[in-house]
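Peer 1: Line by line, the protein sequences are chains C and R.
For reference, each letter of the first sequence is one residue, going 1 to 238 in the UniProt record's numbering.
For reference, each letter of the second sequence is one residue, going 1 to 238 in the UniProt record's numbering.
Check each hint, because a few of them may be wrong.
Same chains, same label: a pair holds when it works inside one copy or across any pair of copies.
[What the hints assert, rightly or not] As a list, the in silico BS3-like pairs of lysine-lysine whose alpha-carbon atoms are at most 30 Å apart:
hint, residue 1, residue 2
1, 196, 51
2, 65, 39
3, 139, 51
4, 39, 51
If you're looking for bench data, these hints aren't it; they were derived computationally from the structure.
What follows is each chain in one-letter form.
Number of protein chains: 2
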Amino acid sequence: MSNNQQHIVSAYDRDLEAVQAMLMKMGGLVEASILDGAKALESRDVELAEKVRLGDKAIDALEEKINEETARCIALRAPVSTDLRVLLTVLRFTGSLERVGDYAKNMAKRTSVLAEMRPIQGTDAALRRMAREVQLMLKDVLDAYIQRDAMLAEDVRQRDHDVDQMYNAMFREFLTFMMEDPRNITACMHLHFIAKNIERMGDLVTNMAEQVIYLVSGTMPEEGRQKGDETSFMTAED
Amino acid sequence: MSNNQQHIVSAYDRDLEAVQAMLMKMGGLVEASILDGAKALESRDVELAEKVRLGDKAIDALEEKINEETARCIALRAPVSTDLRVLLTVLRFTGSLERVGDYAKNMAKRTSVLAEMRPIQGTDAALRRMAREVQLMLKDVLDAYIQRDAMLAEDVRQRDHDVDQMYNAMFREFLTFMMEDPRNITACMHLHFIAKNIERMGDLVTNMAEQVIYLVSGTMPEEGRQKGDETSFMTAED
């Protein structure tokens, strides 16, 4: 390898390291938003919810910065093969993380309106468990990306099934609560939204896991995973 | 310009043209899915709904193909500046289109369960109007991209406000229907989901419009657009 090439390679590595450090920071902020959003909801803590809402701006700003740096790196270093694939994965990850952050913000936004309504028994704790599960999946998928660990990514992908099951169970519960007492309807509509958004967060994290598998193995995982949201076909009588 | 450079330039142009042709095809398939999905729903046409569901596979396959071709073009031609930005926009567009297609598929999936329930007066036509509006926005944003027309993209962005207003009105209606008669609850939950998904399609198309503006002008549009979904704060008493 000529000195010149060596120079180019390490410049790419340095750029990649900087981009990945920002990506991990973004991931950390999104993880915190998920946990804080769910905590704010459970304790009807309007202040914490406001913090989550405002925090989303920092996440969006970071997304823009990472995208710019990544595009700059592609333009400047003209990477090919795996190096390029790594950078294109970064761009997909920021898009997914931004959306997960948006869902967390939305969960926080609904806290103030739900604070005015009577609680629906058991649902807040169930939502927090779901959110916690998704946050752990996100943490692991970021680790899997950094370690290029396809096994861990596959594990994340499988765990999304649990999140889907939690969601399906809650959908049924919400229908029941609403039918029992129409005064539950408005609160259940909001809570159901939150449940669905957490389920969607899980889907986004699962997409990220599939990207890691693709990055490591060069092929997308087979359709081994069952589609989890069964509620498209569900009625209260099920 | 040397002959060699000219050769490189036109090879890039040829690649870009091929990628964009596939992108337009993908956009056309997604537009058809939106319209057919809404039509299937309104007429409770389970066969047409099934066609939409199956059609989503072609959309996904096209997304993968476009992404591969785009990555190949970046690796091979090492474009910089605007050329690179155009290709990175293609990658964002395929991601958004794939999601819009997914929402259309989901609308179709709910047709069979809704076919078993009594209709909720007026909502199917309202959903079809919303879907039609989003399909027109998508058509225009694809035109705006090809023509590099920032004005048209800005117009699309503004029209998302109408879609949001339609959604807000429907949310209120669904709450009322559910409170009037608990037998409406299950159907309204499904219909509300569909309405929210159409509203989300509008958001994705709006993101695409912002990408076009960024591509043409080099800056993201100001926050001039109001956030349209007000239902995070909404109760039936509003």
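Peer 1: Now tell me, hint by hint, if it's right for this structure.
Peer 2: Structure-based check of all given hints:
When the C-alpha separation of residue 196 and residue 51 is checked against a cutoff of 30 Å, the pair qualifies both within a copy, at 22 Å, and between copies, at 26 Å. For the homomeric pair residue 65 and residue 39, the shortest alpha-carbon distance inside one copy (29 Å) is at most 30 Å, but the shortest distance between copies (42 Å) is not. Taking identical chains as interchangeable, the C-alpha atoms of residue 139 and residue 51 lie at most 30 Å apart only when both belong to the same chain, with a minimum of 21 Å there against 38 Å between chains. Taking the shortest Cα distances, residue 39 and residue 51 sit within 30 Å of each other inside one copy (12 Å), while across copies they are farther apart (42 Å).
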